[in-house]
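Trainee: Sequences listed follow chains S and Y, in order. Just so you know, the working numbering puts 112 at position 112 of the first sequence, and the rest follows in order with no gaps. Numbers given in the working numbering equal positions in the second sequence, counted from 1, plus 1000.
Misleading hints may appear alongside valid ones.
To be verified - Straight-line Cα separation of at most 27 Å, DSS-like style, residue types lysine-lysine; simulated pairs:
{"hint": "1", "chain 1": "S", "residue 1": "Lys22", "chain 2": "Y", "residue 2": "Lys1005"}
{"hint": "2", "chain 1": "Y", "residue 1": "Lys1039", "chain 2": "S", "residue 2": "Lys180"}
{"hint": "3", "chain 1": "Y", "residue 1": "Lys1036", "chain 2": "S", "residue 2": "Lys15"}
{"hint": "4", "chain 1": "S", "residue 1": "Lys230", "chain 2": "S", "residue 2": "Lys200"}
{"hint": "5", "chain 1": "S", "residue 1": "Lys200", "chain 2": "S", "residue 2": "Lys147"}
{"hint": "6", "chain 1": "S", "residue 1": "Lys251", "chain 2": "S", "residue 2": "Lys230"}
{"hint": "7", "chain 1": "S", "residue 1": "Lys209", "chain 2": "Y", "residue 2": "Lys1036"}
{"hint": "8", "chain 1": "S", "residue 1": "Lys180", "chain 2": "S", "residue 2": "Lys169"}
Stated by the list, open to error - Quick list of the computed label-pair ranges, beta carbon to beta carbon:
{"hint": "9", "chain 1": "Y", "residue 1": "Thr1033", "chain 2": "S", "residue 2": "Glu355", "range": "26 to 34 Å"}
{"hint": "10", "chain 1": "Y", "residue 1": "Thr1033", "chain 2": "S", "residue 2": "Val164", "range": "26 to 34 Å"}
{"hint": "11", "chain 1": "Y", "residue 1": "Cys1130", "chain 2": "S", "residue 2": "Glu54", "range": "37 to 45 Å"}
{"hint": "12", "chain 1": "S", "residue 1": "Ser362", "chain 2": "Y", "residue 2": "Leu1063", "range": "47 to 55 Å"}
{"hint": "13", "chain 1": "Y", "residue 1": "Leu1059", "chain 2": "S", "residue 2": "Pro368", "range": "42 to 50 Å"}
{"hint": "14", "chain 1": "S", "residue 1": "Arg16", "chain 2": "Y", "residue 2": "Cys1130", "range": "19 to 27 Å"}
{"hint": "15", "chain 1": "S", "residue 1": "Lys22", "chain 2": "Y", "residue 2": "Cys1130", "range": "13 to 21 Å"}
{"hint": "16", "chain 1": "S", "residue 1": "Thr293", "chain 2": "Y", "residue 2": "Lys1003", "range": "32 to 40 Å"}
{"hint": "17", "chain 1": "Y", "residue 1": "Ile1011", "chain 2": "S", "residue 2": "Ile173", "range": "54 to 62 Å"}
{"hint": "18", "chain 1": "Y", "residue 1": "Ser1088", "chain 2": "S", "residue 2": "Asp365", "range": "21 to 29 Å"}
To be clear, the hints were calculated from the coordinates, so they are not data collected in a lab. Nothing here was measured: the structure is a model prediction, and the numbers come from that model. All residues carry an ideal CB built from backbone N, CA and C; glycine is no exception.
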Amino acid sequence: MNNNRKLMSIFGIAKRNISNRKIRSGIMIAFVFILASSLYISSLLINSMNLGLEKTIGRIGADLIVVPQEYENNMRSSLFLGECSTFYTDRSYMDKVAETEGIQQMTPQLYIASLEAECCGLPTQIIAFDPETDFIVTPWLQDINKKEINYGEVIVGNGVVADVGSTIKFFDIDFPVVGKLENTQTGYDYCVFMRFDTSKIILESERFKSLVDSTIDPDNVISAIMIKAKNGANLNTMASRITYTYKIPVKAFTTNGMFSAISDNLDNLTSFSSILVTISFILAVLALICIFTITINERQHEFGVLISLGATQKQLVLIIVLEAVMIGLIGGVLAVIISAVASFIFNNAITSALEIPYLDNSPSDLIPLILKTLLIAIGSSILASLYSAIRIGRAEPITLIKGDE
Amino acid sequence: MNKTKGYVSAIADIVLGLLLAIGPWTIFKTCSTAEKIMKCYYSCRAVLIIGIILMVIGLIKLLFKKSQNMITCISSAVIFALTILIPSWAIGGCANPAMACQKVAFPCIYAICVIGAVIQLILAWKYRGCKDE
């Protein structure tokens, strides 16, 4: 009981020290806030990008991707961000690619960007697949209890604004929506899927021919070949063989290789953010050390009075450390609340500006991030207070009582 | 001290109300109405009216000291909080999250409203126990 009362009074003194020195406390909280918010935001962005990349690679389900030369960026943006593009090449190249050793399964896909002002004002990526050979989209259908889609029907990604049972218009043609895929938080969430024979309706339409390409042969175009390799096959050798041996204008990538540019960017972003957080950490700790040292010098008289009233030096040290904990906690909590609310509200603007598929705002991933941010905020504040606390702990009581004299 | 709180509350109402009124048409523009008028346009029109109401409340607080109290702060906070419901629920906007309204205009409206509500609630909290002058 007595101990509790002592603790309460120490806590009370520390609390009053913070609330009565508003400007000093405000500046210290601001330093912790800058450190904690930069740590929170940069970690959130890096985690989201990492997760987006992992999920995209996992979702593709192919070992090799063959695309027309010069269209690898279009393909990458389409898969990672759901950005729209139309590109195609000759279907006959498939026969050449099929000669490659080590192929277990291969299937073509066709990428068509819908027109603007259709489907809620923005273009949508249409992906056509061949149901007979497909091993990519068909397994997703099972997740929504659907075995297949028929001629003329489409299924939509979770982020596409169309409900099952409604229709969606592409190139002035209405297509019935028969399924909506699960949320995958990848670029596929903003794509619409249809069979190759359904895509012919679009390619043969007057609107497509007048606005995109009038010379296209709907029976003879594909955009990409997705390949599943046999177990033990050397993917890099297969990719090199397809790219260089057959003398056809296509390029083959391993799935990881396809996203190596994004992965490199991610590494750069991680390095920059680590530097930023380290600099903020050093600056915040140095600034806090300075403020603690200056104010502790000024407060020697106050500590002297406390010692005269019977406080021990251990309790004085505890007051300083408690003040540091409170400053760290207030700065950390403010940083977490403001950063979390801002990242939630500006989710769409951030993902679009930084070209990441989504911001990972799920509670299961946010809780460890929040705890890490609070821990570092409080830890840095305590670290900054240690020098002052040790000085007060080691000072002669008489020096403290004399104060600044 | 009460005077400062009153001025802060009034200026917050006027500045944030002005931002709500003109922001969606100038700084953080909503979707274009060139081809067709969409739901977000009507949401922003409703927000414009509320922005003007907030500016009028702010002016009243600035001119009449008797109106600077906890009740007017709470009422401003409630107006800011309810404004969030206009684009998010009552009228809404374009369904596609990539559209300008969902990407820029509405998030800015939400942010302004959250800031306004928090400021007014803090001031209302500070007024507790204070007697009207």
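Trainee: For every hint, state whether the structure bears it out.
Mentor: Verification of the hints:
1. S:Lys22 - Y:Lys1005: holds (17 Å)
2. Y:Lys1039 - S:Lys180: holds (24 Å)
3. Y:Lys1036 - S:Lys15: violated (58 Å)
4. S:Lys230 - S:Lys200: violated (32 Å)
5. S:Lys200 - S:Lys147: Answer holds: S:Lys200 to S:Lys147 is near 22 Å, not above 27 Å.
6. S:Lys251 - S:Lys230: Distance ~20 Å between S:Lys251 and S:Lys230 Cα, so the pair holds.
7. S:Lys209 - Y:Lys1036: holds (26 Å)
8. S:Lys180 - S:Lys169: holds (16 Å)
9. Y:Thr1033 - S:Glu355: 26 to 34 Å: holds (28 Å)
10. Y:Thr1033 - S:Val164: 26 to 34 Å: Holds, since Y:Thr1033 and S:Val164 (Cβ atoms, about 31 Å apart) stay within the stated range.
11. Y:Cys1130 - S:Glu54: 37 to 45 Å: violated (55 Å)
12. S:Ser362 - Y:Leu1063: 47 to 55 Å: Cβ of S:Ser362 to Cβ of Y:Leu1063: about 49 Å, so the range 47 to 55 Å holds.
13. Y:Leu1059 - S:Pro368: 42 to 50 Å: Since the Cβ atoms of Y:Leu1059 and S:Pro368 sit about 48 Å apart, the hinted range of 42 to 50 Å holds.
14. S:Arg16 - Y:Cys1130: 19 to 27 Å: Given about 21 Å between the Cβ atoms, the range holds.
15. S:Lys22 - Y:Cys1130: 13 to 21 Å: holds (18 Å)
16. S:Thr293 - Y:Lys1003: 32 to 40 Å: At 37 Å between Cβs, range holds.
17. Y:Ile1011 - S:Ile173: 54 to 62 Å: Holds, at about 56 Å.
18. Y:Ser1088 - S:Asp365: 21 to 29 Å: holds (24 Å)
When the structure is compared with the earlier hints, violations turn up for hints 3, 4 and 11 and for no others.
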